[in-house]
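Q: Please model the complete structure; the sequences and the hints are all you need to start from.
There are 2 protein chains.
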Amino acid sequence: MTESRPRLRRRIEAEVGECCDADVEQRLAELDELADAAGDGGVDAFAALGNDTRHRLTRLLSAAEGDLCVCELDPLVDVSESAVSHALADLVDAGLASRRKEGNWRYYRSTDLAEDLLAVVDQEGDA
Amino acid sequence: MTESRPRLRRRIEAEVGECCDADVEQRLAELDELADAAGDGGVDAFAALGNDTRHRLTRLLSAAEGDLCVCELDPLVDVSESAVSHALADLVDAGLASRRKEGNWRYYRSTDLAEDLLAVVDQEGDA
DNA sequence: CGGTTATCTGAATAGTCACTCAAGCAGCGT
DNA sequence: ACGCTGCTTGAGTGACTATTCAGATAACCG
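Residue numbers (the working numbering), protein chains in the order written: chain D, 181 to 307; chain B, 181 to 307.
Just so you know, the hints here were simulated from the structure itself, not pulled from any lab data.
Since this is a predicted model, take the numbers as computed values, not measurements.
No false leads were mixed into what you were given.
Since the list can't tell identical chains apart, any single copy or any two copies may satisfy a pair.
Derived lysine to aspartate or glutamate pairs resembling DMTMM-like cross-links, with alpha carbons at most 20 Å apart: (1) Lys281 <-> Glu195; (2) Lys281 <-> Glu245; (3) Lys281 <-> Asp270; (4) Lys281 <-> Glu193.
A: Here is the structure:
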């Protein structure tokens, strides 16, 4: 594997003055480890909130004082009731909402994770 | 529009005892307003972090002490360099990374928004 | 200037995803 | 039991999206 990653090598040379292949690979390995340690957790939470319908549902759940049932959410998003159900299931899977059964109704509520994530973008957006 | 939203009406009747159409629509309007006031801001930020490549790049930028150039990031994600460039552009557009030009290199750095969002899911994930 | 370097951009494609439709299921009332 | 209600689930399809390839750009160096 002689002379691998030429660009990166040149960049390190430009920065530090000199650089051998081992230096290159070591720097990469360090970063790789750091990023992996941080984990890739939460990708699905982000993906869930990155869709308009699910985002709006989460906003609604967050804005509501108590919890809401599907028949309350349905009129507020302009997709079919089936789509609402799908979206809510995704939110629960992503840890952004919780479900409670009561008779024939299912009540949804936003989780702390959802609240905190929304708070971050709201706060940062105003800045 | 007599007798609209029958399910919702029944639900409110079950809860409060009685309910007229106006009550139904008013409750919906309130929620709608609340959710809209909160805004739909940040959807693109969430969407950006919801993709594996972009998420990983953000993690790398966040894990790095200073800022990183493309030639450092490229070896750490297994997509083409072009895809890395696309992804980084998306991150900048979403406000999750900033770009700095220096000679022939472009250095990327994660923004506060990115840091805060990642912090939330990391913290919540450990709980 | 011409050549090389590091990165970007646009078009095309492959893959994923969100929606709708139709059917299904559990809980309640009769 | 039966039907009705509120919601869910699965299959299918159209729309979007992430990636790649090829060509472009801008900065540096001779």
